[in-house]
Structures are given as structure tokens and as C-alpha cells.
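Chemist: Listed below are the residues making up each chain.
Number of protein chains: 2
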Amino acid sequence: MKQKKVTFDDIAKYTGFSKTTISRYFNHPDSLTVENQDKIADALKELNYQENKLAKVLANGQSEFIGVIIPNFYLGYFSEMLNCILSTYEQFGYKFLVFIGGNNRESERKYIGELLAYKIEGLIVLSHTIPSKELASYNIPIVAIEREDEYVNSVNTNNYMGGVQATNLLYKNNCDVLLHINSDMPEDIPAYKRITGFLDICRDHGLNHELILRDFGNSYSETKSCLEEVYQYIKEKYPGKKKGIFLANDTHASIMLNLIFREYGRLPDEYRLVGFDDSPIAVESVLPISTVGQQIDKIAYTAVELLVEQMNERKKRRPQPQKELLHKEITPVLKLRDTTDNP
Amino acid sequence: MKQKKVTFDDIAKYTGFSKTTISRYFNHPDSLTVENQDKIADALKELNYQENKLAKVLANGQSEFIGVIIPNFYLGYFSEMLNCILSTYEQFGYKFLVFIGGNNRESERKYIGELLAYKIEGLIVLSHTIPSKELASYNIPIVAIEREDEYVNSVNTNNYMGGVQATNLLYKNNCDVLLHINSDMPEDIPAYKRITGFLDICRDHGLNHELILRDFGNSYSETKSCLEEVYQYIKEKYPGKKKGIFLANDTHASIMLNLIFREYGRLPDEYRLVGFDDSPIAVESVLPISTVGQQIDKIAYTAVELLVEQMNERKKRRPQPQKELLHKEITPVLKLRDTTDNP
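First to last, the protein sequences are chains P and H.
Position 271 of the first sequence, counted from 1, bears residue number 271 in our numbering, the numbering being contiguous throughout.
Position 195 of the second sequence, counted from 1, bears residue number 195 in our numbering, the numbering being contiguous throughout.
Quick caveat, the hints were computed from the structure, so don't treat them as lab data.
Note that the structure is a prediction, hence the values are computed from the model and not measured.
Where a beta carbon is used, it is the ideal one built from N, C-alpha and C, also for glycine.
Possibly wrong hints are sitting among the right ones.
Stated by the list, open to error - Interface residues of chain H toward chain P, partial, derived using beta-carbon atoms under 10 Å:
#	residue
1	V57
2	F65
3	Q91
4	F92
5	N103
6	E114
7	N158
8	Y160
9	M161
10	Y233
11	I234
12	S254
13	L287
14	I330
15	V333
16	K335
Said to hold, decoys possible - The list that follows gives simulated cross-link-like pairs (lysine-lysine, BS3-like), each with its CA atoms no further than 27 Å apart:
#	chain 1	residue 1	chain 2	residue 2
17	H	K316	H	K335
18	P	K119	H	K133
19	P	K53	H	K56
20	H	K39	P	K110
21	P	K5	H	K45
Claimed, not checked - Chain H regions said to be covered by chain P (calculated; three or more residues, Cβ under 8 Å):
#	region
22	18-27
23	44-54
24	95-101
25	198-210
26	264-274
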């Protein structure tokens, strides 16, 4: 049962306005008086008019779509970031076309190709597979979050400060040895600076420390197996020592905490843990986990805001090309919880 | 720096084909030989042609968009379901416009209004706020998942069987008392049948049991406070008894398990727990949680498949109206893990 389509003609007849006025209502409502806007709005309701935004998009290129590419859902950080990005609909009104890359460059390329065909106005990229130089060549506004960002705008946590905060906290916990467990990543990934921060503080204070780099794979179970191996390694290498462990993210920290808890039934004095991100798992774990909080809501908001600015610029009659790339840094906030001794 | 737009004229000139042939390539590629298809495809690459799918959508109404409305992200079930829905892109090619309802009926209505203006072809609804009668009135293909579904198609777990499975498992664990903790929900929500299944088995076997219904609020922290209260209540009411607890979902089961673990450092014989969903938290918790597995990937796939069938029907020259609503049930699969004694 399809309803008969309501046309501009119908609306014009119903309201007594000209078709031009109706068209102006849709394209430049502010050129009408508020009274006339209300009259037309009421008529649309009465007539059960179904706006076709696609026609408008074709005319003015403004789809109000933003594409989002995230690598996976099993790291709590990404699902929480997506949650926060989607929540900006209330402020900005943009709709999100979401894709999970799963570390597959070809399927990401294919998906971006599709998005471009749908005239998305901008793109937020959290996955690492496509180099920023290639992303920039798509010639639409792009904001990267926590990935290589040489040729595109980005919003990142101040990762160096985060590394320093985590390491200082473990240092103040009087640990005998400080351990940082992370992926073996290229130096141009923002998160690499967490490693730099860790090493700088350890060297400054002359602390006994070890950087443990591993490939954590592409799934929760691979990550878990890898961390089980690391846990055995640490236990055997540093028996009886008080170990301060700084993990790459809260999902890793929660896995490590579970391993310790299953062995001891508690977190013994021998272990102190700090995660990274302040993703939901940090408070949902068996003990609330001390962590370097990325202000995920703020990062998401800033990324969309930055994108909106660029998208708005392109809607001007004479858009100015962006003079220089913007790389915004959001301050991390240390969250003191139950896996460290806190001042 | 905008690139000059490549037109059908340009492609025709470049390839030597007529404009009609180029148009056929885009609308009915199979009407050309594979050889000619390849020639045009190569030319498109050479010319750096950017397809505008929106123009096609306007012409034939086929946007290839599906809207998805989920209630929240803090229940692992919903984020995993979204993950599985998004993953069907590889099979079906539909793109997803995702919205988090946050239990706000008005903002969901507004969002659906927007989606309709963008000519989405179908809608998947997991949130509970809008009655199915209203959803059906939008007159587009809709599939509901685990919500009231009187007037729309749906895919649900066989919730009654799930309730029976969980209760039978706890019964076989020789518990002194069986407890089911759930929300006080209307009987027309599919999950209500878990309660019916629990009560039927308890009554059949003449088991000591209690149904504990609470309002768990709309956030993780509200849910946690509520479960802390329930935990105290159970401890005081059934001291020394072996308690078999069937929880509404794995997120709740994980919170309960953490409360017990923090007190005892392990899961004592006095407690046996079963969750529901088999969402990721069930294996990520301090102990892997026994649970009634909803086959989330299968539910997501079936929902999209059902939607695609209806959307395809509408693309026919003489679409047949759906004769009767489809309510598909997916069998739950009991996952025996570490929070129960297993046969």
C-alpha cells in the first residue's frame, strides 16, 4: 500500500503559496517569515509530506553523512569511541555510516569507495591499514584518531604525557621493576609515545625496567594467549620482586588482572597494574583498574567538531583550502582505582 | 582543489561506446558482454570516475541503506549484535546507519524520520521504546530483534528453551535454592519467556525457588548498584544454602561474579551462576561464565537476510505484499564454563 507522493504543487495549492515559496522553505527557510514557515510546516504535517533528502543532496552535495571506520569491537576503547561518536548526532545532526575494518585493507578501500559514491561529507578513521597519504588523496575532510596522521587532520590523546603519568604512578608505588607491555608498533603511530614516556621516566630515575613488545594478534583469544605467555615470563623472570606493570590498554590490563586473580584470589602486593584508555572494562573488571584515562567523549566530540568545521568551509561559496593540518591533543587524566596504591 | 567531474559523455568518447551503452553499463551491466564491461571498467579507472550512487537512488529508490537502532552499548549483547550486523556488509552489501536510542522515544522517532527522508530500504530495531504498531506504520521493511514484535517481523532466541536450559543446569548442580534475577518486564517482550521457563521447571521439579525482579536502570553504574543490593539480600536470606543463580544477561552475571570473587577470592561451592547471551563479557570475566548462548551472529545474519528478502520483493515490478508476519526463532546453545559443575 504505497501512499501517493505529495509534491511541491500539492503543498503550494494547500497553502496558497507559490511553488517558489515552497522551494525557498526547503532550501532557505530563513528567507520566509516565521509565521509563513509555521504555516508551511503545519501543511506538511497535514499532507503527511515525506521529505526526500536525497534530492537535496544531489542538488547541493550536502549528504549529512559521515563515514566511520573502526578496526574492531573487541578492544573496549573502539566500541566506546564509536558510542561517543554516534552520540554527537544530538549536537551536530550528522548521520554515521559505520564500518568495521577487521584489519583488512582491501575491504576498507572498497567500503570507502562506496562511501564516496554516496557523497559522504567527511570521514573519521581509527583503523591503521590505509596510509594517511592515501586517505588525503580522497579529497574529502578526514579526521584520524590515534593512528598515523602525517597527511590528515587528527585528534589524539597526549600519549607521551600518558606514558609519563602511568610510569610515575608505578614509580611512586615503590616497585622493584617496572614493565611496559605493548605492541611492536611503528614510531609514527601516536601511541608509540607511550613507550617513549615510559622509557624516559625509567631512565630519568634510574629504575630497573623492561619493555616487553609482542604481537597481540587480531582477536580477543589471540590477545589472551599472548598475555598468558607474558604473565608466565614475568613470573619466572622476577620472582619475589614487586612488579609495576603498565599495559597498552584496559582490555589487556583486565586480562592480566584476571590471570593474577585466578592464581591468588586477590591482587597481591607483588603486582601493581596500570591500564590505558579508561574504557568501560576498566571499571567492570573484578577490581576497578587504575588507568590513564583518554577522555574518549572529548576526543569523539573534538573529532566530529573538527570535521564539521571543514565540511562547513566546503559549503561556502568560496571555500578556503585548509592552510595547515590540525593535530589536536587531548590531555589524559589519571584515574586512581584499586590496582595501585594511591597517594 | 576540486577535480573536474567526469560525465557519461567523457566515458563514451574515451571508450568509443555510445552514451546509451555507458548508461546500460551502470544500470544493467549484464546486458553487455564481459569484454565490454571490462573495457568500460578500465576506462573508469583511467578517467578517475567517481560514481554518484545518489543519482541512482533517486531514480530507482534503492539506497542500499539499512537503519539500525540499538538501545545502548553498555550491555555487551547490544554491542556484539551491532558488530555482527555490521559484518553482514561483506555478504549483502548493505550499508548501515546506526543510532543509539538511549531509551529516549522522541529522539528515536526523530532519527527514524531522518532515515526515512534518506530513503533507507529497511530498519532493524532492538530498542523497546516505540511500539511495533507504530513501527509498522512507517511502511518499510522492518525486523525487530528481542523486543515486542506483534506488528513487525522479528528474529528472536527461543527464550523459553533458554530459560529451561539455564534452570535445568542449576537443578543438576544440586542447588538448595534456585534464583532468577531479571527486570520486571511486560509479558509481550520475548525475553519474558525466560521467566516462564524458569518458573515451569522449578514447579515441575518442586524446587525451592525465588523470582527476583528489579529495575536495573539505564546505565552500568545503576545496574551495578542494583545487583549489589540483590547480592546482600540473597546472602542474608539464604545463608549456608547452595544458591543457583540464573541472571538476565552476561553483563549482570559478570557483575555478580565480581561481587562474589571480591568477597571470597574465588567462586565458592555455595554459588552457581548461569548468564544469558554468550556476549564477549562471558569469556572475558574473571572466570569464564556458563551461559545460555544466543547465537548472536546467526540472529544478526537471519535478521539482515529476512530484511533483504522483503527489500528485494519491493524492487519487483509487481511486489507482493507480505502475507503474514514472520517471527523466526533461533535455538539457544548452552555454554558450559567455570561457574557451574558440568556433566
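Chemist: None of the hints should be skipped; say for each whether it holds.
Modeler: Going down the list of hints, with the structure as the test:
1. Of the supplied interface hints, the one on V57/H holds, with its beta-carbon coming within about 6 Å of a beta-carbon of chain P, less than 10 Å.
2. Against a cut-off of 10 Å between C-beta atoms, the interface hint on F65/H holds, since the closest Cβ of chain P lies about 8 Å away.
3. For Q91/H, the interface hint is violated, the least distance from its beta-carbon to any beta-carbon of chain P being 12 Å, above 10 Å.
4. Interface hint status for F92/H: violated, as the beta-carbon distance to the closest one in chain P is roughly 13 Å, over 10 Å.
5. For the restraint placing N103/H at the interface with chain P, the shortest Cβ-Cβ distance is roughly 13 Å, beyond the 10 Å limit, so the hint is violated.
6. Because the smallest distance between the Cβ of E114/H and any Cβ of chain P comes to about 7 Å, under 10 Å, the interface hint for this residue holds.
7. The restraint placing N158/H at the interface with chain P is violated, with a minimum CB-CB distance near 26 Å, outside the 10 Å limit.
8. Among the interface hints, the one on Y160/H is violated; its C-beta lies about 29 Å from the nearest C-beta in chain P, farther than the 10 Å criterion.
9. With its C-beta approaching chain P no nearer than about 27 Å, M161/H sits outside the 10 Å limit, and its interface hint is violated.
10. The restraint placing Y233/H at the interface with chain P is violated, with a minimum CB-CB distance near 22 Å, outside the 10 Å limit.
11. Of the supplied interface hints, the one on I234/H is violated, with its beta-carbon coming no nearer than about 19 Å to a beta-carbon of chain P, more than 10 Å.
12. The interface hint given for S254/H is met, as the beta carbon of that residue sits about 7 Å from the closest beta carbon of chain P, less than 10 Å.
13. Taking 10 Å as the C-beta contact cut-off toward chain P, the hint placing L287/H at the interface holds, the least distance being around 7 Å.
14. Evaluation of the I330/H hint against chain P yields a violated restraint, the C-beta minimum of about 21 Å exceeding 10 Å.
15. Taking 10 Å as the C-beta contact cut-off toward chain P, the hint placing V333/H at the interface is violated, the least distance being around 18 Å.
16. Nearest Cβ of chain P to the Cβ of K335/H: about 15 Å, over the 10 Å cut. The hint is violated.
17. As the CA atoms of K316/H and K335/H are separated by approximately 43 Å, the hinted pair breaks the 27 Å bound.
18. Restraint check for K119/P and K133/H: not satisfied, since their Cα atoms lie roughly 34 Å apart, outside the 27 Å limit.
19. Restraint check for K53/P and K56/H: satisfied, since their Cα atoms lie roughly 14 Å apart, inside the 27 Å limit.
20. Of the supplied pair hints, the one linking K39/H and K110/P holds, its CA atoms being roughly 20 Å apart against a limit of 27 Å.
21. Of the supplied pair hints, the one linking K5/P and K45/H is violated, its CA atoms being roughly 38 Å apart against a limit of 27 Å.
22. Figure legend: the region 18-27 of chain H, annotated as covered by chain P; annotation inconsistent (0 residues with Cβ-Cβ distances under 8 Å, at least 3 required).
23. Given a C-beta distance limit of less than 8 Å, the hint that chain P covers the region 44-54 of chain H holds, as 5 residues qualify and 3 suffice.
24. Restraint check on the region 95-101 of chain H versus chain P: 6 residues with Cβ-Cβ distances below 8 Å, three needed, restraint holds.
25. Residue count for the region 198-210 of chain H with a Cβ under 8 Å from a Cβ of chain P: 0. That is fewer than the three needed, and the coverage hint is violated.
26. With a cut-off of 8 Å between beta carbons, the region 264-274 of chain H has 3 residues touching chain P; three or more are needed, and the interface restraint holds.
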